[in-house]
Amino acid sequence: MKRALPIFWLLVLFTLPVWLRDPYFLHITIITAIFIIAAMSLNLLLGYTGQLSLGHVAFFGIGAYASALTSLGFDIELPGGLHIVHAPWPAIAGFPVGIVVAGLCGYMIGKLSFKVRGAYFVIVTISFAEVMRLVALNWVDLTQGPLALNNIPPYSIWLPGIGEYEIWSKVVFFYVVAAVGVACYLIIQRLVQSRIGRAMVALKDNESLAISVGIDVTRYLVLAAVMSAAMAGAAGSLYAHYVKIIDPEIFLFIYTVTMVIMVITGGKGTLAGPIVGGVIFGFLPVVVRSYVAPAVQWMIYGALMIVIVFLLPRGIVPAIEQYFLNRKQADRPPDVAVLADLDAPKS
Amino acid sequence: MQELLQHLANALLLGSTYALLGIGLTLIFGIMRVVNFTHGELYSFGAYAVFFLEAALGVNFFVAIVVAVIAGCLLGALIEFALLRPIQGADIDTTMLVMIGAWIFMQNSELLYWGGVAKSIKTPFPEAPLQLGLISVSWLRIFVLVVGSVLIVATYFFIDHTKLGKAIRATFQDHDTAALMGINIKGIYTATFALGSGLAAAAGALLGPVFLVTPTMGDIASLKAFAIVILGGLGNITGATIGGFILAFVEELGAGYVSSGYRDAMGFVIIIVILLFKPTGLFTRADRIG
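Taken in sequence, the protein lines are chains A and B. So the first sequence is numbered by the numbering used here: it starts at 1 and just counts up by one. So the second sequence is numbered by the numbering used here: it starts at 1 and just counts up by one.
Hint data in this document are derived by calculation from the structure and do not stem from the laboratory. It cannot be assumed that every hint is accurate.
Cβ-Cβ distance ranges computed for the label pairs, FRET-style [unchecked claim]: (1) N206(A) <-> A82(B): 27 to 35 Å; (2) Q131(B) <-> K115(A): 44 to 52 Å; (3) T177(B) <-> I280(A): 42 to 50 Å; (4) P90(A) <-> S260(B): 36 to 44 Å; (5) I92(B) <-> V182(A): 30 to 38 Å.
Mimicking DSS-like on lysine-lysine, the simulated pairs with C-alpha atoms at most 27 Å apart in a straight line are [what the hints assert, rightly or not]: (6) K122(B) <-> K111(A); (7) K115(A) <-> K278(B); (8) K278(B) <-> K204(A).
Which chain B residues stay away from chain A? Per the calculated CB distances, all over 10 Å, these [stated by the list, open to error]: (9) A55; (10) I70; (11) L78; (12) L130; (13) L132; (14) N184; (15) F249; (16) F268.
For glycine and all other residues, C-beta sits at the position ideal for the given N, C-alpha and C.
Isolated chain B, as found in the complex (with noise of 0.2 Å):
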């Protein structure tokens, strides 16, 4: 029973992270249809961005983190500008091996700065955990699910009640009804890249010091938002979030009760069960956002 707890305790934790980077892999495949394979590499760029700015320049924690999710926005934005827009209108496949070449570029360019040694993040919080009856959780994980919770919300506010997230909204249902009703679509697919960019940032700026900072954690990390994506259905945003809680739920029973070793391969399971039964995601609304 404490076991269970305790699982279900980690999960939740873990889940909030998941939901930002699902969130905005989904944004991004839902908006522009293109699949952002570079997605887990600015996962680890901000997970490098917070490492980078606390051990080399002795920056504050949470500035860090901060400034990690603004670079990691800003670094999305130069992608969608440098690599997409060129080739907007251009066939699905086309876009797909643009950003695996731009994946394989910059995971690569990351192990050639950092070397293949793992980094870890000094967190000013107390290594003592926290007893809630049961369960113990460390403060860090605590701070992981406030921050990814409040990003969870304030995405969600911002589509659904600024103008800018009305313009996203509009250009998701129909681009071209979009574009005439004054709307600057490149403008917005910049934007909406930067968005998930900056969220995918986020989860890694977040769980970069609870585990620890490689240059290939960003592989896992697009295959978890990809079975997130699919479990809750291209290009919905509360599928990606609901999504993202239950493959976290999935992967720490999993790895509790079934194998440890097989925790990464549980998103492969959600994805093969959903193509096998309810192939268009489970919370499918005909193409709508927000």
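Chain A with its partners taken away, still in its complex shape (with noise of 0.2 Å):
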């Protein structure tokens, strides 16, 4: 049974495509999957570190900005005369490229925040994300500011007796989407269960003990905050290669709430939270959206943010499982102890 469960949620989603006949819904599941990912790696630094990155959006954006730029090229002036010409490459050469820039700054905001943490990653990491959508909006020679970046081409990819074959088709790219949520999954599971993913618990759980056991915090926070960066940036550049049209509202604080509201919905810590979460915030606004404003949906985001942390603090996912734990232990028979115990007076 244990075994065939994971079998089973991936038979799920690599058949998704054939449920959803519908082109909208699976535009929807491809966003909402894409979503996924982003929280995801949210969740590996809330989650297993205990760090609130607020301006995730931005290692998101800088995936997709780095991811676009890289297959469309650009031609730059900076200062000092210095001119820099970037011809374009094939767009899957953008997602390695977007997955490295985004680590990179993972890395430097780590580095620069991770001395004194806390309340400061917090307000660099918000500072970040808006200060990148100044710089989007601002650059104009790379970025086009307000302009957007069009025409993003899609992900090609060279197929042995077809050739050069470049992903339109929403089906493929969303087995594309799905192939790498799996393995930010497994890379996240791999991580958390080794000794690496152990020392961040234990650094969130009590810091003075990990420190006094010899864990280096710096280390273990700034290496989660690159691979954490590095996935938000994966999924940045699945999105600028399928929407094929960015701009620098792609940086706004929302998207960051609408993360973060997927984590601690599905519950934060534990692996499946951000699907549970996600599944729930992506389809959501689907269902609100043709009743209400969007300004109502994000009231109602607001709105929900604070009654899970009043009435269910931990999330879904771990409330799930402490149910099962509770109905197991009551179908189960009492322990052999217990009867020893009540054998006890007797004799």
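Starting from two chains that each stand alone, build the complex the way the hints lay out.
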């Protein structure tokens, strides 16, 4: 049963396009899946190291811009007369570039703010996202500013027998996103179940104790920040080459809020949490939007965030696990030790 | 030279409201250990309150500002009472999430009610600026500087010389001992949050007429307040006052001589420099207030 469960979910995931014939729902599913990857990356920081990154959309957006610019090419004039021309590369090259650039930004932010942590990390990340938005808006030579980067080419892969294949099909792109998502899930799983993951959780739970047994705090936190930022960058690259147009609005705080609410609703610090939360908040807007204005949708998100923290502070997944654990204990015959206790007075 | 003087004058006028923003945020963090993400929303609440009172109800401009500040205090007290009191003692992440939720809710309720179009507040001051030698300053901005400075001094007086201020300082130093001395800690929290919120609303009510009033004006205000508070050291009132003026000068000079598009990014530059060289803030006196 335990072995079969992952296979079952994989089967569901990879047959989804068969069930979802409607292209609109497939589109929503792809966008949701991309945001789930971003939420999983946020969970690595928020859930496992306890550091709240409120600028996570910055890494997402940086991945998107880096990836798009790699495949579109650019021609910029830097101060000091430095002239940089970049000829367009194949779109698929944007994916690793997006990951690396976002990861580097994660490294810098981590190095900078983990000296002091807590509130500082939150403030640095949120300001970082806002600055990235200003850069995207003002560095018109590079980013086209508010005019947006248009005509971002789709990923293309070389297939034996077919040759160059450009991914225009939604169904094929869904499989690409799903594959990246599964890869990220496995990486996070391996990471948190390794020595590194245990070190991170130890830091979250009791920092002084963790330091006293020789865990290098800054090193592990920076590592988590780099991994997290790189995965958010991967999600950003997928997003850029899927919607094919990105503008500075991609850095809006509301997208970070979406990721945060996905993680805390599903359950931070659990592997399945961001997926459960992501599915809920990926599809909820579709339902809600047909009834209310966007402002009301965000008001509902804000209110939900408060309600969840008050009523379900650990999230849905831990709550369900707890429920099944309680039921199992109720069904099970009393422990031998208990029986022995009951027997004791008689003898 | 004339340009430089003009920039310095502008920065001075802006600095007083930035200081108000910073003092409010740093007070709340210092005493309650809460990163108040609704701070910027109280700032925009102050501006919208003035706009609403003046444009819809026909209230006098000066009366509108006073009412807006009082309303800001009350709203702050309500937020503290309804959202923070039930989760008192929770870790900093939990309170941050609640405050972020409140922030999103407040901002979008403004967007829903007022719409996304910027509003401008009419003022009774003459359009023609005052010529002071080489520089020219609008009457409105002088009014902002005067009121802002008065409020800063009043806040200092309140914290240093009133009984409630003394209780706030005592709570800041040691919650438990203050409670043992018979100070109502919960009441102090509510009062502090109301005071900080009122200062934010005052900053919004003063700057709203200078700039335009939009639902997202609070975001930038929050980020600026964060930068000011990191600059001065979390929980340090004097640090926040000086930090507010420093940020205003850096912004004004940066916008004037580097790039006006990056005006709002200057706060981030300050945060980076501070974190690199003096992470505890420029003016930290270990855990004291007032």
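Now the hints, each set against the structure:
| no. | hint | in the structure |
| --- | --- | --- |
| 1 | N206(A) <-> A82(B): 27 to 35 Å | holds, 32 Å |
| 2 | Q131(B) <-> K115(A): 44 to 52 Å | holds, 48 Å |
| 3 | T177(B) <-> I280(A): 42 to 50 Å | holds, 46 Å |
| 4 | P90(A) <-> S260(B): 36 to 44 Å | holds, 38 Å |
| 5 | I92(B) <-> V182(A): 30 to 38 Å | holds, 34 Å |
| 6 | K122(B) <-> K111(A) | violated, 47 Å |
| 7 | K115(A) <-> K278(B) | holds, 11 Å |
| 8 | K278(B) <-> K204(A) | holds, 25 Å |
| 9 | A55 | holds, 21 Å |
| 10 | I70 | holds, 25 Å |
| 11 | L78 | holds, 14 Å |
| 12 | L130 | holds, 33 Å |
| 13 | L132 | holds, 33 Å |
| 14 | N184 | holds, 24 Å |
| 15 | F249 | holds, 19 Å |
| 16 | F268 | violated, 4 Å |
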